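**Student:** For reference, the chains in residue letters:
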Amino acid sequence: MTGGSGVSLRFRDIAAGDELTPLDLAVTATVIVAGAIASRDFMPVHHDRGFATAQGAPDIFMNILTTNGYVSRFVTDWAGPETMLRSISIRLGAPAVPDKILRFTGRVTDTRQEGDEGVVELAIRAANDLGDHATGTVVLSLPLDALA
Amino acid sequence: MTDDELDPLRARLEACIGEPLSEFGPAVAPDEVNLPMMRHWVDALDDRNPVYLDAERGASTRFGGVVAPPAMLQTWTMQRPRIEGIAERGGSSGEIAADNPLTTLADAGYTGTLATNSELEFERYLRPGDRLQASTVLEAISDCKTTAIGRGYFVTWVTTYTDGAGETVGRQRFRILKFDPSSAGARS
Numbered sequence: 001m002t003g004g005s006g007v008s009l010r011f012r013d014i015a016a017g018d019e020l021t022p023l024d025l026a027v028t029a030t031v032i033v034a035g036a037i038a039s040r041d042f043m044p045v046h047h048d049r050g051f052a053t054a055q056g057a058p059d060i061f062m063n064i065l066t067t068n069g070y071v072s073r074f075v076t077d078w079a080g081p082e083t084m085l086r087s088i089s090i091r092l093g094a095p096a097v098p099d100k101i102l103r104f105t106g107r108v109t110d111t112r113q114e115g116d117e118g119v120v121e122l123a124i125r126a127a128n129d130l131g132d133h134a135t136g137t138v139v140l141s142l143p144l145d146a147l148a
Numbered sequence: 149m150t151d152d153e154l155d156p157l158r159a160r161l162e163a164c165i166g167e168p169l170s171e172f173g174p175a176v177a178p179d180e181v182n183l184p185m186m187r188h189w190v191d192a193l194d195d196r197n198p199v200y201l202d203a204e205r206g207a208s209t210r211f212g213g214v215v216a217p218p219a220m221l222q223t224w225t226m227q228r229p230r231i232e233g234i235a236e237r238g239g240s241s242g243e244i245a246a247d248n249p250l251t252t253l254a255d256a257g258y259t260g261t262l263a264t265n266s267e268l269e270f271e272r273y274l275r276p277g278d279r280l281q282a283s284t285v286l287e288a289i290s291d292c293k294t295t296a297i298g299r300g301y302f303v304t305w306v307t308t309y310t311d312g313a314g315e316t317v318g319r320q321r322f323r324i325l326k327f328d329p330s331s332a333g334a335r336s
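Here the protein sequences come in this chain order: U and B.
Everything in the first sequence is counted per our numbering, starting at 1 for the first residue and increasing by one.
Everything in the second sequence is counted per our numbering, starting at 149 for the first residue and increasing by one.
Hints may contain errors.
[What the hints assert, rightly or not] For each label pair, taking beta carbons as the anchor points, the in silico distance ranges come out as: (1) Thr259(B) to Asp110(U): 39 to 47 Å; (2) Thr21(U) to Asn182(B): 40 to 48 Å; (3) Glu287(B) to Gln113(U): 30 to 38 Å; (4) Asp110(U) to Glu315(B): 25 to 33 Å; (5) Gly93(U) to Asn248(B): 24 to 32 Å; (6) Gln113(U) to Thr259(B): 44 to 52 Å; (7) Thr251(B) to Gly56(U): 18 to 26 Å; (8) Glu19(U) to Thr294(B): 19 to 27 Å; (9) Asp255(B) to Gly115(U): 46 to 54 Å; (10) Asp255(B) to Arg107(U): 21 to 29 Å; (11) Arg275(B) to Asp145(U): 19 to 27 Å.
Source of the hints: derived by calculation from the structure; they are not laboratory data.
Note that the structure is a prediction, hence the values are computed from the model and not measured.
Backbone N, C-alpha and C define an ideal beta-carbon position, used for all residues, glycine too.
With the hints as constraints, model all of the structure from the sequences given.
**Tutor:** Encoded structure:
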């Protein structure tokens, strides 16, 4: 089940326990640098390998704005363009470094109606072979009138 | 120092709670929310949600037009970087205020920084033309904790983003551990 970039999921078709379509992101130095600069984060740990390793990191690593951006993409790739994110709350762990696949997975934990919106809570995880990069909760809404 | 002893450093930092973090704000976005930066983000993250760039598709959704990717919230008010000397400043885009609590911690030996939590809240999606301002307040500082990477303090701040009308459009709560790398593996 996916909304993709085409149609949005209908709230009535979403239930607790549903799994999101996983996203396997092939993280490269280019992915990390592109995200850092698009988010206007010029910290050298996100583009300068020598600087990053001198700080004790294994390599350059993804900045948090980019991580949040990929969480957003992962969720709206699944739920579709009518999605409005209400919150992204993540606990940060292992760094997202080049040449490791970052796998995004998620599951619906709750659904409820609020006025003319359907609210969906998700538990999400982004992990590579170093461990959990980000784990947390995303809350989104979909318009109920998309039922029509 | 054990966690139980009177901690003069923490007492000094306690006085900063609820106060603006001078290094971070209030920050006025150098540019209004705009399509070129949104396109740059969409391409960098390969995010093909049509509501970010496609005016026709955006108009057919509840947004009624294009909206900025929500995770760009923090991007709009990022400080303009001074590239020269950025590595020597530890990666900071500009000069760091001497009275900043993070500087106080670094001067006391807690030089390491590890981000632990980020909580973004969106009140509404942004549109091209929105001009943001960000105000950051120190929310909490923990007692001195012993962690696997060394002793340190968890520092939490909250940034509130407002639009040109002064309405809140979103918030970010951010927590870091400022730690003393030389104390790694130590037991208090």
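**Student:** Now tell me, hint by hint, if it's right for this structure.
**Tutor:** Status of each hint after checking the structure:
Checked against the hint of 39 to 47 Å, the C-beta distance between Thr259(B) and Asp110(U) comes to roughly 41 Å, which is consistent with it. One distance hint, 40 to 48 Å for the beta-carbon pair Thr21(U) and Asn182(B), is violated here, with the actual separation near 31 Å. Distance hint check: the CB atoms of Glu287(B) and Gln113(U) are about 32 Å apart, consistent with the given range 30 to 38 Å. Our hint of 25 to 33 Å for Asp110(U) and Glu315(B) holds, since their Cβ atoms are close to 28 Å apart.
One distance hint, 24 to 32 Å for the beta-carbon pair Gly93(U) and Asn248(B), holds here, with the actual separation near 27 Å. At about 49 Å, the CB distance of Gln113(U) to Thr259(B) agrees with the hint of 44 to 52 Å. A hinted range of 18 to 26 Å holds for the C-beta pair Thr251(B) and Gly56(U), which are about 21 Å apart. The hinted range of 19 to 27 Å is not satisfied by Glu19(U) and Thr294(B), whose Cβ atoms lie roughly 38 Å apart.
Separated by about 50 Å at the C-beta atoms, Asp255(B) and Gly115(U) satisfy the suggested range of 46 to 54 Å. In this structure the supplied range 21 to 29 Å is violated for Asp255(B) paired with Arg107(U), their Cβ-Cβ distance being about 44 Å. In this structure the supplied range 19 to 27 Å holds for Arg275(B) paired with Asp145(U), their Cβ-Cβ distance being about 21 Å.
The structure fails hints 2, 8, 10 (numbered hints given earlier, in ascending order).
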